[in-house]
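**Q** For the sequence shown, UniProt numbering begins at 1 and goes up steadily by one.
To be clear, the hints were calculated from the coordinates, so they are not data collected in a lab.
As the structure is a computational prediction, the values presented were derived from the model and not from experiment.
No residue lacks a Cβ here, since even glycine has one placed at the ideal position from N, Cα and C.
Among the clues, some could well be false.
Unchecked claim - Taking lysine-lysine and the DSSO-like style, the derived pairs with C-alpha atoms no more than 30 angstroms apart in a straight line are: (1) Lys79 / Lys56; (2) Lys56 / Lys71; (3) Lys56 / Lys77.
Stated by the list, open to error - Here are the simulated distance ranges between beta carbons: (4) Lys3 / His53: 21 to 27 angstroms; (5) Arg74 / Ser5: 37 to 43 angstroms; (6) Met46 / Ser5: 41 to 47 angstroms; (7) Ser5 / Gly37: 18 to 24 angstroms; (8) Glu50 / Ser5: 16 to 22 angstroms; (9) Arg51 / Ala24: 19 to 25 angstroms.
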Amino acid sequence: MPKRSIQRGRPTGTTTYEAEPAIAFGAAVREERTNQGIAQETLAHMAGIERSHMGKIERGEHVPTLPLILKIARALKCK
Numbered sequence: 001m002p003k004r005s006i007q008r009g010r011p012t013g014t015t016t017y018e019a020e021p022a023i024a025f026g027a028a029v030r031e032e033r034t035n036q037g038i039a040q041e042t043l044a045h046m047a048g049i050e051r052s053h054m055g056k057i058e059r060g061e062h063v064p065t066l067p068l069i070l071k072i073a074r075a076l077k078c079k
């Protein structure tokens, strides 16, 4: 039996983006950030990402990775 070649990445036609959790997470980040009186640019700097990326996260246009979620939580002093 011949070995199957291993392909990197997602299979064609699949996606990992799910709008509902992305929007919910972004709304929670924005609410906590505004409650603490932190500017979006400041939070992005504290989390070590670009401000435009933080904007996409807050609008639910991007699903952050777990390490990035932890950086944002740390920057907001959330547990």
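**Q** Look at the Cβ atoms of Met46 and Ser5 and judge whether their distance stays inside 41 to 47 angstroms.
**A** 43 angstroms, holds
**Q** Checking one constraint from the list: CA of Lys79 to CA of Lys56, max 30 angstroms. Satisfied?
**A** 23 angstroms, holds
**Q** Against the 30 angstroms threshold, does the CA-CA distance of Lys56 and Lys71 hold or violate the hint?
**A** Holds - the C-alpha atoms of Lys71 and Lys56 are around 16 angstroms apart, at most 30 angstroms.
**Q** Is 16 to 22 angstroms right for how far apart the beta carbons of Glu50 and Ser5 are?
**A** 36 angstroms, violated
**Q** Taking 21 to 27 angstroms as the hint, is the beta-carbon distance of Lys3 and His53 inside that range?
**A** The hinted range 21 to 27 angstroms is violated for Lys3 and His53, with Cβ atoms some 39 angstroms apart.
**Q** That 19 to 25 angstroms hint for Arg51 and Ala24 (C-beta), does it hold up?
**A** 21 angstroms, holds
**Q** Could one say that the CB atoms of Ser5 and Gly37 fall in the range 18 to 24 angstroms?
**A** Distance hint for Ser5, Gly37 is violated at roughly 53 angstroms.
**Q** Hinted pair, alpha-carbon criterion (30 angstroms max): Lys56, Lys77. Please report holds or violated.
**A** 21 angstroms, holds
**Q** Given the range 37 to 43 angstroms, decide if the beta-carbon distance of Arg74 to Ser5 lies inside it.
**A** 40 angstroms, holds
Of the numbered hints listed earlier, those contradicted by the structure are 4, 7, 8.
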